[in-house]
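Colleague: From first to last, the protein sequence lines are chains A, B, C and D.
All letters in the first sequence, in the order written, are residues 1 to 345 by our numbering.
All letters in the second sequence, in the order written, are residues 1001 to 1345 by our numbering.
All letters in the third sequence, in the order written, are residues 2001 to 2345 by our numbering.
All letters in the fourth sequence, in the order written, are residues 3001 to 3345 by our numbering.
No wet-lab data here; the hints were simulated from the structure.
Here the structure is a predicted model, which means the values were calculated and not measured.
Note that the Cβ used here is the ideal one computed from N, Cα and C, for glycine as well.
Treat the hints loosely; a few may be bogus.
Below, computed lysine-lysine pairings styled on BS3-like, alpha-carbon distance capped at 25 angstroms [said to hold, decoys possible]: (1) 1140/B / 1028/B; (2) 2248/C / 1248/B; (3) 41/A / 2204/C; (4) 3223/D / 3112/D; (5) 3248/D / 204/A; (6) 2267/C / 3041/D; (7) 2204/C / 1248/B; (8) 267/A / 1041/B; (9) 2041/C / 3267/D; (10) 3140/D / 3028/D.
Sample of chain A residues at the chain B side, in silico, Cβ under 7 angstroms [claimed, not checked]: (11) 19; (12) 22; (13) 48; (14) 52; (15) 56.
Number of protein chains: 4
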Amino acid sequence: MIRIGIVGASGYTGVELARLLCGCPDVKLMVATSRQYNGRKLAEVYPNLAGMVDIACEDLQTEELADRADLFFTAVPHETAMEIVPDLLQAGKKVVDLSADFRLHDAAVYEKWYQKHTAPEYLAEAVYGLPELHRQQIVKARLVANPGCYPTSVILGLAPLLQAGVIEPETIIVDSKSGASGAGRAAQTGTLFCEVTEGFKAYKVAAHRHTPEMEQEISGLCKTPITISFTPHLLPISRGILSTIYAKLVSPLTDGEVSELYQGFYKEEPFVRLCAPGSFPATQFVRGSNFCDIGFKADSRTGRVVVLAAIDNLVKGAAGQAVQNMNLMCNLPETTGLLAVPLFP
Amino acid sequence: MIRIGIVGASGYTGVELARLLCGCPDVKLMVATSRQYNGRKLAEVYPNLAGMVDIACEDLQTEELADRADLFFTAVPHETAMEIVPDLLQAGKKVVDLSADFRLHDAAVYEKWYQKHTAPEYLAEAVYGLPELHRQQIVKARLVANPGCYPTSVILGLAPLLQAGVIEPETIIVDSKSGASGAGRAAQTGTLFCEVTEGFKAYKVAAHRHTPEMEQEISGLCKTPITISFTPHLLPISRGILSTIYAKLVSPLTDGEVSELYQGFYKEEPFVRLCAPGSFPATQFVRGSNFCDIGFKADSRTGRVVVLAAIDNLVKGAAGQAVQNMNLMCNLPETTGLLAVPLFP
Amino acid sequence: MIRIGIVGASGYTGVELARLLCGCPDVKLMVATSRQYNGRKLAEVYPNLAGMVDIACEDLQTEELADRADLFFTAVPHETAMEIVPDLLQAGKKVVDLSADFRLHDAAVYEKWYQKHTAPEYLAEAVYGLPELHRQQIVKARLVANPGCYPTSVILGLAPLLQAGVIEPETIIVDSKSGASGAGRAAQTGTLFCEVTEGFKAYKVAAHRHTPEMEQEISGLCKTPITISFTPHLLPISRGILSTIYAKLVSPLTDGEVSELYQGFYKEEPFVRLCAPGSFPATQFVRGSNFCDIGFKADSRTGRVVVLAAIDNLVKGAAGQAVQNMNLMCNLPETTGLLAVPLFP
Amino acid sequence: MIRIGIVGASGYTGVELARLLCGCPDVKLMVATSRQYNGRKLAEVYPNLAGMVDIACEDLQTEELADRADLFFTAVPHETAMEIVPDLLQAGKKVVDLSADFRLHDAAVYEKWYQKHTAPEYLAEAVYGLPELHRQQIVKARLVANPGCYPTSVILGLAPLLQAGVIEPETIIVDSKSGASGAGRAAQTGTLFCEVTEGFKAYKVAAHRHTPEMEQEISGLCKTPITISFTPHLLPISRGILSTIYAKLVSPLTDGEVSELYQGFYKEEPFVRLCAPGSFPATQFVRGSNFCDIGFKADSRTGRVVVLAAIDNLVKGAAGQAVQNMNLMCNLPETTGLLAVPLFP
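Between the sequences and the hints, there should be enough to build the whole structure, so can you do that?
Modeller: Written out as structure tokens, the structure is:
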């Protein structure tokens, strides 16, 4: 039995981890921290967990934490994560960090988009936790940087094309749309029901912090530095990201040829589902699941390819991918706890 | 391995059965009928099932059907069900019927609210499939009439009070609210997105066909015929029913005394969760699950008790309860396939 | 030109007043206060107002305020209102107070449901601003207490039946459902998009502060003290209240007879629309308008009548009714600025 | 008094015309056709119109129609429009056609994207009814082809940049998102509430019929034929389109320089509102109004500009723009009936 801790258990990502771990027979959630709800049952804060999750929230120092579990999920904001993670690692623990603090290999890039990095010595060792690209490294890692929600959809959407060298990477434009759970559970005017429902808008246009993370992985696949355009939007839904991605084809391709590239690239992957040519993914068909559904269209009129990738931002975009990484790091079957059928309608 | 058939697999209830059966290791879905989608994969019609459910829809005669499975779920409209069910029973099959055709013991009552009954000879044997009230009969039944969605919430909400004799049953008023999936997947103007979203209304006021079903079970618990007021409303959500139920207390009770009645009545029940006094259920906390969450308030100002009961209308209100009944009829553990954590947010 | 001030202009009710006043040619919004947004244009806080409302928010003392306008809307929380209103009245201003502070005639009742009343000397003079019941007093008032949103729907729904004496008032049960804008624009976890969407729940069961306000007006119509049951619920919509009201009929009535009572009572009313027998109101058909739509069903099975009343909680339930009161107090045509067609879909 | 007819009055666009015409004092709605609801009051089909619109639907031949009004809005599907419009014109009537049938100047392009054109002789005379580009021609037109909803947002978003020659038009990528009312009120599975809510998807990727319409107007502004990429998506909202538009800048520009181009181009326009640099439009802030709100970001990292344009698809994207065109064609003040404040929340 592997003992698990969740640091930051009362946010939407933390509680999604708790939900998913209910389906993992070989691990046990031993400790869950929350400053805000210290002393209260997690199931009292999230009544959906009643009868299923019996743990109470605690407000602990890192030293106390470390004794209680073997692997930790750190589901705290960036900046907080890099204060905690080094101590957990030094205590011999494995860590899946869901913040942005260890995703970028280059501290200078991190500091340009975020703030000063206080634990840059761990950046070289941290593995970017996208199993479809870095599975072998994840298996051996003690620190996995769980990818951002937008980057997961975008990198999975582009990887087969980039690896095959069939698109011009400098022409990549990413137009992404996310549900409101991506903004977390903090009380703020901008995510009130009345502000979000029956509405739609872009935010942080050409300025979102997930941009360098995508550029890092895209550049890695291209073996040359790439700059992309990225626009995130806020959807009036709870869960789900759809990324619509545009790029110029190096030379004309048919839908069938594009399809073959994707099928080849993802043929062994349990969590990538490819849409039949002519159909496209929808967020409602991945809801609650760890799937990334991908569709595409080679447009002979414009010489571009349009790729569409859908995930549940709280699952494949956060907690589900974190559990997938945990499974890999602990030598458990990779799909354990992650094979729920998407909930539709 | 028990072989399962779903008659009417392409409606929301049929496909929810297919989803839930994925979590049942001792049964196997062998046949799924749909006139509309004959020949198409169910996962093509419902892409959330891609990679999880590999069955194709068929349009079969009852005779052909019967050979293919041991237990059938009939998820077809009333009137259609009573044409099919007798043949399945005569072929020696077990049936969980999700229509209204076998729920009312009295054909005259059925004919008052619906239309002529063409198989009244099966009404005496059909068991009303609410396990919390009729578990022992369900275990032995070959025909279970799966309860309506509204009645499930209302009967579970009232049963402890009725059995204890603490309310005046003639004062019962039921104000229920349901998500739009209760209206099914037929293309109709009234359930278009634009007609439902950002809106709320009552329908079939004092005239809904679930009324006699509730009255039958309430009368059974009271051992005397009872008439109730029932108003259904349409919520701008997909899944969920909340019933708010009012009744006059025979004599004053505290919340604590009411709580004891509920705790006693439901202490062994795996799918009824009681809210702590002062908190109340919400549909979002049972979403995708087989739970019925119940809260209440004894109001000393008015001498009434207010009971609130929440279910997912497609799960405990339909497919989940049907699987629970299947488990009982097949001597499988009652909770098999039904212990998913509700999906929130 | 009548000069208008809004105290508390940046909440949903305040900004709705600003929106509606754009359609009133004989009045001019001169001052709008907001502590939070002091110095910022209201149209910057609410970009829907861009190009339409050019006023900036100010944080003013009551003395400074009083000089700037002739009539004030006080759209601030209860307790704050009773600090401001007396000074405005003493400065010779007219006031439409949208808080609860002057709605209850009896300070003792107020103090039982709210807290100590610091200006009880104004309670006798304050007129309960429901024009359909108290028009003549409103015309002469200098202080109008604008009704609560729930009470507006409930009192308009019941008044014809109570006045005609055809229901037993002690059997009244009110089951109301409101959109999230009723909770205001304060940042709080409970009204975040993800907490509200695709969900439904009751709150403050048998304990909501609008109860005594309804009881006061119902008792007035009955000429005897009445106690009612009231349960509010939170709908996943922005705007709209639907109240479903139950009462025992003194003696059997047909729908036609009930219809005549309503038609007689409301025949001159510009903002009450009666549904044809067999149809029922919906919140989406009053959205953005000052209408109250009412439907009903006399149920011969149970001897009860069910009344359904729908309003837009921000318009007829708050700002629209306040403008209607302003029109009456200022001898302007009562419907000025209030005849927009409801926005559907 | 100008007499108005609406052909196809019972769709969302037709009824939105009826709603807006209530605010136009110099015109009168004389006839409204609907095959489906022949003989029924429009306010019975759309209860939001109760007490405001008193017309009944009729099913008329074109000859009968023509006598009844001076100007007609044809709010019928393409193909149907080109059967009706020629007869109305020959009867001396003015027509604002809301279908696609007369928007494309080149019958060959029309026939490539739609089907055979049966009235190509009117294409040369039809004016593309975007007042911000073609006001002078609209004033003199007898046939105005009211623009599509997506093209309205895209062309208004791009016009200042195209006219100034600061972008490379062959790099234009348009990613648009529309509310469900754009799909109309026909009963179809794909726009049921349960299929749309809490979901998001693209459709007709690189194949939507609004593409040639945008290309025609963009090419006109560039004075050279341009091909663009266009992806429409379905939002879980009723009303609203947001288009996110990408293009390569010919040479670097600051946000301030871009802002000046927009301010210059739109300085006299009553229905275009420009966002301050750093803020972006949202569909909820134009809801129910004829405004097009536009924001932008010049991205020095990528050398691209991102433009965001928001409209209400039923107003500026259909009925409101049609009324604006009517006002121009009838020498009424252009903004008559169109100055409602957007409804938020």
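Colleague: Honestly, which of those hints from before does the structure not fit?
Modeller: Number 15 - this is the single hint that the structure violates.
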